[in-house]
Amino acid sequence: MTEIKKSNVNDTSRRSFLKGTSALAAAGWIGALTGGFVLKPDWAHAAGSIKMGIATDITGGIAPSGNANWQTAQFAAKQINDAGGILGRPIELILEDTASDPGIAVGNVRRLVERHNVDVILGGITSSMREAIKNPIVKRGKTLYIYPQLYEGQECTPHLYCTGPTPYQQCAELIPYLIAQGNKRFAMPSANYRWPQLLNIWTKRIIEEHGGEVVLEEYFPIDQVEYSATVGKIKSEKVDHVFLTIIPPGLGAFTKQLYETGFHSNGGTLSCVYYDENSVNYVAPRELEGVYSCLDYFHTVDDTFSNNALAGYNEMWPGSNYKLTAGTAATGMYRGIKLFEAGVNATNGDLDREAVSAAIDGVTNVQGMGGEFSMVPGTGHAAMNMYVAQANGGVWDIIKSANQVPPNECA
Amino acid sequence: MDEFIKVTFDILSFSCIMVLVVSGLAIIASLMGIFNFAHGEFVLLGAYTVFVFRETGLPVWSGMLAAPFLVGAFGLLLEVTIIKRFYKAAIAAMLATYAIGLIIRETVRGLIGGKFWAIEAPIEGVFEIGESSFSIWRGIIIILTIIIMSGCYLFLTKTNYGLKIRGAMENPSLARACGISTNKLYAFTFAFGAALAGLAGALVVPLYSLFAELGLRFLVQGFLAVMLGGAGTFEGPVLGSAVIGAMVPGFQWLRVEIPFISYLLSPVFAEVFVFLTAIIIVKFRPQGLIKKGRI
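In order, the protein sequences belong to chains A and B. Here the numbering used here is used: the first residue of the first sequence is 1, the next is one more, and so on. Here the numbering used here is used: the first residue of the second sequence is 1, the next is one more, and so on.
Hints are supplied without guarantee of correctness; some may be wrong.
[Stated by the list, open to error] According to the in silico footprint, chain A covers these stretches of chain B (three or more CB under 8 Å from chain A):
{"#": "1", "stretch": "36-44"}
{"#": "2", "stretch": "151-164"}
{"#": "3", "stretch": "167-179"}
{"#": "4", "stretch": "209-223"}
[Claimed, not checked] Some chain B residues flagged as far from chain A (calculated, every beta-carbon gap over 12 Å):
{"#": "5", "residue": "VAL7"}
{"#": "6", "residue": "ILE17"}
{"#": "7", "residue": "MET18"}
{"#": "8", "residue": "PRO59"}
{"#": "9", "residue": "ILE91"}
{"#": "10", "residue": "SER135"}
{"#": "11", "residue": "TRP137"}
{"#": "12", "residue": "ILE146"}
{"#": "13", "residue": "ILE147"}
{"#": "14", "residue": "LYS184"}
{"#": "15", "residue": "VAL204"}
{"#": "16", "residue": "PRO206"}
{"#": "17", "residue": "LEU239"}
{"#": "18", "residue": "LEU254"}
{"#": "19", "residue": "ARG255"}
{"#": "20", "residue": "VAL282"}
[As the list claims (entries may be wrong)] One-sided excerpt, in silico: chain A residues whose CB lies under 7 Å from chain B:
{"#": "21", "residue": "ASP223"}
{"#": "22", "residue": "SER228"}
{"#": "23", "residue": "GLY252"}
FYI, nobody ran anything at the bench for these hints, they're computed from the structure. Positions of the beta carbon are idealized from the N, C-alpha and C atoms, including for glycine.
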């Protein structure tokens with residue numbers, strides 16, 4: 001049993017502490033107290049442990065994803081430690097809460113670099129968070145940074161590695177499939193920020209290359225609650241497919257209003273590339289039915305390694321609200337830790353940033369959720385398996401898979 | 001014609017949603033002179049009540065019935081313990097209610113795990129007129145809003161109790177001299193406003209989803225509606241919120257339907273435009289659409 005040490009509270013048992021704090025954490029109540037958790041391994045090595053900094057959103061609006069990331073990180077570290085560590089040295093995790101607030105995050109991340117002197121930092125979920133913490137980590141902090149979330153692409157900073165899918169990976173299989181299904185007229189209602197704007201550039205290009213047409217592309221305030229004019233337009237323009245990048249809180253109102261125009265019952269289809277196993281909570285069942293998504297992993301992917309890992313995660317966190325899914329960046333977090341492990345193995349235990357970074361750049365065929373992945377040298381991104389899936393009664397049926405889809409970034 | 005009915009329905013339904021959400025705020029602001037910054041969280045509590053009922057296996061509609069009573073009782077509790085100490089200091093009252101709102105919101109955020117939850121309406125589905133289909137639940141909200149607002153208006157203008165409330169607000173010392181217990185009336189009015197907010201939250205949550213900022217989303221527009229309609233009356237803020245509520249989908253429809261405007265107005269700017277228009281109206285009618293003292 002590993003135990004948790006909090007810098008200002010000594011020796012609280014991990015389970016009881018986390019249980020009590022997880023509800024409060026979501027409420028943002030313990031944000032001010034956290035001076036970083038240190039999760040020490042239960043065995044030691046003469047050379048000391050390998051320190052991984054996890055900077056993720058334990059509190060605030062992104063907390064549901066951040067907690068899934070933290071649980072995934074603990075699971076991956078435990079797996080590696082139980083198997084003897086990295087070249088005999090155990091992993092020690094140090095958590096800093098980025099609190100869904102880039103302003104708070106910068107200071108907390110600096111603590112990982114300066115006080116804890118970590119060998120790598122993994123984390124950040126939103127793009128604004130990545131933008132805020134990448135310089136304190138990579139430039140000023142001279143530390144390796146691994147960003148786990150699916151995102152809009154164009155992040156080509158040296159020593160920053162992205163382990164989530166890129167726009168090309170999410171669209172290259174999905175869009176041609178949708179068009180082959182007879183969807184010709186597309187609508188792209190979107191939230192007005194960076195991810196939808198840049199993702200839609202790729203999407204639109206692939207739609208047009210395959211003979212489809214975008215008849216509506218609009219960007220709404222993130223919390224807009226009234227979409228009657230837009231869904232009216234989607235109906236009157238006879239749109240076949242809605243490629244949705246509206247996010248909560250605006251999402252609930254949009255999917256409901258769209259459904260109520262009779263879009264689904266008239267044969268219209270919808271896709272949303274961040275929908276995963278958590279979507280059943282925030283999308284009503286009838287509005288989710290038949291929706292397409294494309295991600296690097298679904299629980300229905302039948303792959304022995306992934307099946308075992310998922311079972312192990314669920315055993316470590318029984319009944320947890322925070323699932324090991326792709327939309328929350330948890331699969332990217334898992335991939336990130338395995339990537340770092342592979343990198344350190346390749347340097348033969350040398351933890352110097354330049355050495356590990358050079359090794360990571362050439363890492364190939366590492367096991368992750370959803371299958372093996374390989375870094376594409378010189379790009380900071382990974383080729384990975386992608387799955388097109390359709391919601392069917394709360395389960396994602398895999399309808400198409402593609403092996404080793406290239407990221408198409410930073411080339 | 002179809003198009004016309006559709007646009008009218010959309011404008012009317014959002015207008016009614018705004019009226020419903022703002023009415024509790026309006027009653028407390030107009031009759032008591034307190035700008036209740038916790039109003040959004042009373043709306044949230046109403047929505048949360050429905051969620052709790054659903055989670056315990058009870059039907060959604062029973063949660064909607066219970067919400068105004070539970071939130072009203074909570075409002076009463078707040079009034080007797082905290083709010084009543086702030087009647088003489090309007091600014092301090094704003095800060096106090098803001099603090100209460102913050103506590104409620106963050107508590108609810110913790111209880112719902114910081115997530116978004118879809119909540120089904122008691123009656124899902126659509127009805128059709130010609131080519132267009134309309135949400136049944138939005139239709140019900142329109143009817144309920146008209147009934148509730150008429151009821152409130154009649155209660156305040158035609159009943160003895162309503163007269164006492166208005167009297168106590170207009171001239172508290174004279175009312176007390178006449179043997180009216182103003183403390184009780186204030187407590188009742190505050191609880192009544194809270195109950196309306198709770199009901200509004202319970203009714204509108206199926207249209208959106210449950211999340212911690214649900215009420216906050218409407219708060220700024222609500223205050224603007226009170227300003228626009230004119231604080232001090234009941235019908236003023238109600239009219240104000242109806243106007244704001246109509247402008248939100250109204251500008252979006254203008255934007256979508258008229259090509260020239262669509263170049264000028266992005267969806268983001270259409271939202272801003274609602275505020276801009278309201279502020280311009282307030283500039284020229286600072287006393288609000290309806291002057292004080294009508295009720």
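Inset, instruction - Determine which of the earlier numbered hints do not hold for this structure and return their numbers in increasing order. - result: Violated: hints 1, 2, 3, 5, 6, 7, 10, 11, 15, 16, 18 and 19.
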